[in-house]
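Going down the list, the sequences are from chains A and B. Residues 1 to 559, numbered by our numbering, are exactly what the first sequence covers, in order. Residues 1 to 157, numbered by our numbering, are exactly what the second sequence covers, in order.
No lab work stands behind these hints, which were simulated from the structure alone. Where hints are given, some of them may not hold.
[Stated by the list, open to error] Using 20 angstroms as the maximum straight-line C-alpha spacing, the simulated SDA-like pairs for lysine to any residue come out as follows:
| id | chain 1 | residue 1 | chain 2 | residue 2 |
| --- | --- | --- | --- | --- |
| 1 | A | 308 | B | 16 |
| 2 | B | 63 | A | 89 |
| 3 | A | 131 | B | 16 |
| 4 | B | 12 | A | 104 |
| 5 | B | 63 | A | 108 |
| 6 | B | 67 | A | 131 |
| 7 | B | 67 | A | 145 |
| 8 | A | 311 | B | 57 |
| 9 | B | 63 | A | 179 |
| 10 | A | 457 | A | 431 |
| 11 | A | 308 | B | 76 |
| 12 | B | 12 | A | 181 |
| 13 | A | 131 | B | 15 |
| 14 | B | 63 | A | 457 |
| 15 | A | 308 | B | 15 |
[What the hints assert, rightly or not] Sample of chain A residues with no beta-carbon within 12 angstroms of chain B, all distances over it, derived:
| id | residue |
| --- | --- |
| 16 | 20 |
| 17 | 118 |
| 18 | 309 |
| 19 | 399 |
| 20 | 473 |
| 21 | 486 |
| 22 | 523 |
| 23 | 552 |
Owing to the predicted nature of the structure, the values given are computational and were not obtained by experimental measurement. Even glycine gets a Cβ: it sits at the ideal position worked out from N, Cα and C.
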Amino acid sequence: MKMSGAQILIECLKREGVEVMFGYPGGAVLPIFDRLYDSDIHFILTRHEQAAAHAADGYARATGKVGVCIATSGPGATNLTTGIATAYMDSIPLVAITGQVKTFLIGNDAFQEADITGVTRPITKYNYLVKDIKELARIIREAFHLASTGRPGPVLVDIPVDIQQQSREFIWPEEVNIRGYKPTYFGHPGQIKKAVKLIVESKRPLIYAGGGVITSGAHQELKSLAEKIQAPVTTTLMGLGGFSVLHPLSLGMLGMHGTVYANLAVQNADLIIAIGARFDDRVTGRLDAFAPYAKIIHIDIDPSSISKNVKVDVPIVGDARNILGQILEELVERKKISDTKDWLKTIYEWKRKHPLKYEDKGRIKPQYVVEQIYEITKGEAIITTEVGQNQMWAAQWYKFSQPRTFLSSGGLGTMGYGFPAAIGAKVGCPDRIVFDIAGDGSIQMNIQELATCVCNKINVKVAILNNGYLGMVRQWQELFYKKRYAHTCLYNPDFVKLAESYGAVGIRVTKKEEVRPSIEKALQIDNTVFIDFHIEPEENVFPMVPAGEAIDRMIGGMA
Amino acid sequence: MKHTISVLVENKPGVLARISGLFSARGFNIDSLAVGETEDPTVSRMTIVVDASDERVLEQIIKQLRKLIDTISVVDLTKKEFIHRELALVKINYTKENKSKVNHLLNRFKAGIMELERDTAILEICAESEKVKEFLQEVRQFGLKELMRTGRIAMAK
Chain A
1 MKMSGAQILI
11 ECLKREGVEV
21 MFGYPGGAVL
31 PIFDRLYDSD
41 IHFILTRHEQ
51 AAAHAADGYA
61 RATGKVGVCI
71 ATSGPGATNL
81 TTGIATAYMD
91 SIPLVAITGQ
101 VKTFLIGNDA
111 FQEADITGVT
121 RPITKYNYLV
131 KDIKELARII
141 REAFHLASTG
151 RPGPVLVDIP
161 VDIQQQSREF
171 IWPEEVNIRG
181 YKPTYFGHPG
191 QIKKAVKLIV
201 ESKRPLIYAG
211 GGVITSGAHQ
221 ELKSLAEKIQ
231 APVTTTLMGL
241 GGFSVLHPLS
251 LGMLGMHGTV
261 YANLAVQNAD
271 LIIAIGARFD
281 DRVTGRLDAF
291 APYAKIIHID
301 IDPSSISKNV
311 KVDVPIVGDA
321 RNILGQILEE
331 LVERKKISDT
341 KDWLKTIYEW
351 KRKHPLKYED
361 KGRIKPQYVV
371 EQIYEITKGE
381 AIITTEVGQN
391 QMWAAQWYKF
401 SQPRTFLSSG
411 GLGTMGYGFP
421 AAIGAKVGCP
431 DRIVFDIAGD
441 GSIQMNIQEL
451 ATCVCNKINV
461 KVAILNNGYL
471 GMVRQWQELF
481 YKKRYAHTCL
491 YNPDFVKLAE
501 SYGAVGIRVT
511 KKEEVRPSIE
521 KALQIDNTVF
531 IDFHIEPEEN
541 VFPMVPAGEA
551 IDRMIGGMA
Chain B
1 MKHTISVLVE
11 NKPGVLARIS
21 GLFSARGFNI
31 DSLAVGETED
41 PTVSRMTIVV
51 DASDERVLEQ
61 IIKQLRKLID
71 TISVVDLTKK
81 EFIHRELALV
91 KINYTKENKS
101 KVNHLLNRFK
111 AGIMELERDT
121 AILEICAESE
131 KVKEFLQEVR
141 QFGLKELMRT
151 GRIAMAK
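Next up, chain A with everything else stripped away, as it sits in the complex (with noise of 0.2 angstroms):
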């Protein structure tokens, strides 16, 4: 059957199981939006691209499935470009689709025209200009595979709007076949046998997990792993709820904001399993001071991360999930496993002398509402944030216990992720209770998204930890320059009229004992809720590692 060009992209989305489109509309993609007009492909109108590409984001996160972004050409398409770089970061896998203008004039400055694919190759696993609609339903398809498979990341198509008019016969591709890529999945027996090895004679094992764990899946292995070979474990902020921060051999997160104790163990180990985590310069501190009595065992489905940072005695390449189902079968044949009793000792003394602390008296802490949103929502909530304080606040006070639960910009650090995000998880897991835990900095980047909410019933709920300043930078100028507060003072609209005039409901929230009740009463409204929670203006996250220092040089909570 003949199709147009616009046709069949929506024929290929939906045969890809696309059923939700974040987006705007334009000039050149026009055709296709006509073409979405009847189709059943649930669209979500953004009122900026940028929140178009985060919440197609978020929704990727938190349903494990493809994001799908769209925006016209030139601006909407660079518009999309902050949000393809978060996704990028993180490896999330997001199909952005832009229009251009048509092929006659690529090329000749034409009217909102922007090289989007040059923009975009940096920040893009592939991209595709599409020249002949011969390619469309290949490249469509491809760009969904290559989004999801191997390591996640996004995809952008660029097509022209003579493609989206031109009509063709439809063949939908059986297979993708790309001759350069072929992920491995499975870990090299050889290696799984050498990790095992060391793992067994390992008297003080520490499991550093990332991300990886929650885009395999391999939270039960995890478990199951660290439960057999009694190793404590520190997850990365993007691997928060791949191992349940209650689980009594858990540390929580290390690093920078981590704990104490993590970057204790990170310092003391005798071996490090790193599963599906990088080791990001914010994890590792000075690095030449980083683990110095530790070999690593690298799991990564990425080759190029392994030995980009630190050198690894033993890595393997594949799937974490996989792998750690290698392993837990080698693990099975091998009947003795060093006892890690004395290091486990070590570590719970570490956790009784250094806990996670705040001083809770005069005006609100941030941690304290972060504590109450997590005991209210029962630790069962999707948690977007922002970047900066509140990102780090989220990270460290609600106890994450289930992937796919905390959805925050890691890599990229983008200030106003968290509120499209909220929306794009709420989309995807609409009988989940969404919260974006945000700044009043960062929920100012993409604060117009208050429209989408109301206009298309979105629920989610936004605590602002309303500090009057753009919180993490204001920390450094106090710890490292001096207390010279250069420029991040903000004067604020007021947030609870702001979120009135777009029909959402504002809760303000000035003392400490309204805390509760108000995060509870946003709980019944269905609507989308602002609670701006005035809280301690010159709080500060610790413990905090300062840049460039080992991980075990803390400032605040080692006292």
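Using the hints, position chain B against chain A.
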């Protein structure tokens, strides 16, 4: 240390940009890069010469190259036996005074004259990079007006 890396890639637009973008984004230096079609017209071969004193940097370069979707295979030829050639074209002064000296040099390096016009000659040398370099050193004495080098191409034995 210089490494000669042979990369098979899809022969389609944007691939060169991806490769060069990878090098610039990650701060790797390219000494030379030569591209051409292979026996299979859908595939191009690139010979990339990089200066990587650190083994880890080299490992990253190779892994990052392999990670590109359009890359079919990557081989570090430096670890194998391979032959390599580079072509250079040089425009020099070619006069009655230096003629015999130039001819002598051409014989020594198995180089030739491609074009001759009045007092100017375009010379061609095709040899291993070190040899080309040596030749260019010598040829400078004749007043080097213009120089063009292809960069190394290489093939495993």
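Quick rundown of the hints versus the structure:
1. 308(A) to 16(B): violated, 24 angstroms
2. 63(B) to 89(A): holds, 17 angstroms
3. 131(A) to 16(B): Holds, because 18 angstroms separates the two Cα atoms, which is no more than 20 angstroms.
4. 12(B) to 104(A): The given pair, whose Cα atoms are some 19 angstroms apart, holds under the 20 angstroms limit.
5. 63(B) to 108(A): violated, 36 angstroms
6. 67(B) to 131(A): Violated: residue 67(B) and residue 131(A) sit about 25 angstroms apart, past 20 angstroms.
7. 67(B) to 145(A): Given that 20 angstroms is the threshold and the Cα spacing comes to 15 angstroms, the pair holds.
8. 311(A) to 57(B): holds, 12 angstroms
9. 63(B) to 179(A): Holds, at roughly 17 angstroms.
10. 457(A) to 431(A): Holds - the C-alpha atoms of residue 431(A) and residue 457(A) are around 13 angstroms apart, at most 20 angstroms.
11. 308(A) to 76(B): Satisfied, since the Cα-Cα distance of roughly 18 angstroms is no more than 20 angstroms.
12. 12(B) to 181(A): This hinted pair holds, its Cα atoms lying about 16 angstroms apart.
13. 131(A) to 15(B): holds, 16 angstroms
14. 63(B) to 457(A): violated, 46 angstroms
15. 308(A) to 15(B): Outside the cut-off at roughly 24 angstroms; violated.
16. 20: holds, 26 angstroms
17. 118: The claim breaks: residue 118(A) does not keep its Cβ more than 12 angstroms from every Cβ of chain B (closest is about 7 angstroms).
18. 309: Non-interface label fails for residue 309(A): nearest chain B Cβ at 10 angstroms, not farther than 12 angstroms.
19. 399: holds, 36 angstroms
20. 473: holds, 26 angstroms
21. 486: Holds: least Cβ distance 30 angstroms, greater than 12 angstroms.
22. 523: Holds, since 44 angstroms exceeds 12 angstroms.
23. 552: Its Cβ never comes within 12 angstroms of chain B, the nearest being 25 angstroms, so this holds.
Consistency note: the structure conflicts with the earlier hints numbered 1, 5, 6, 14, 15, 17, 18.
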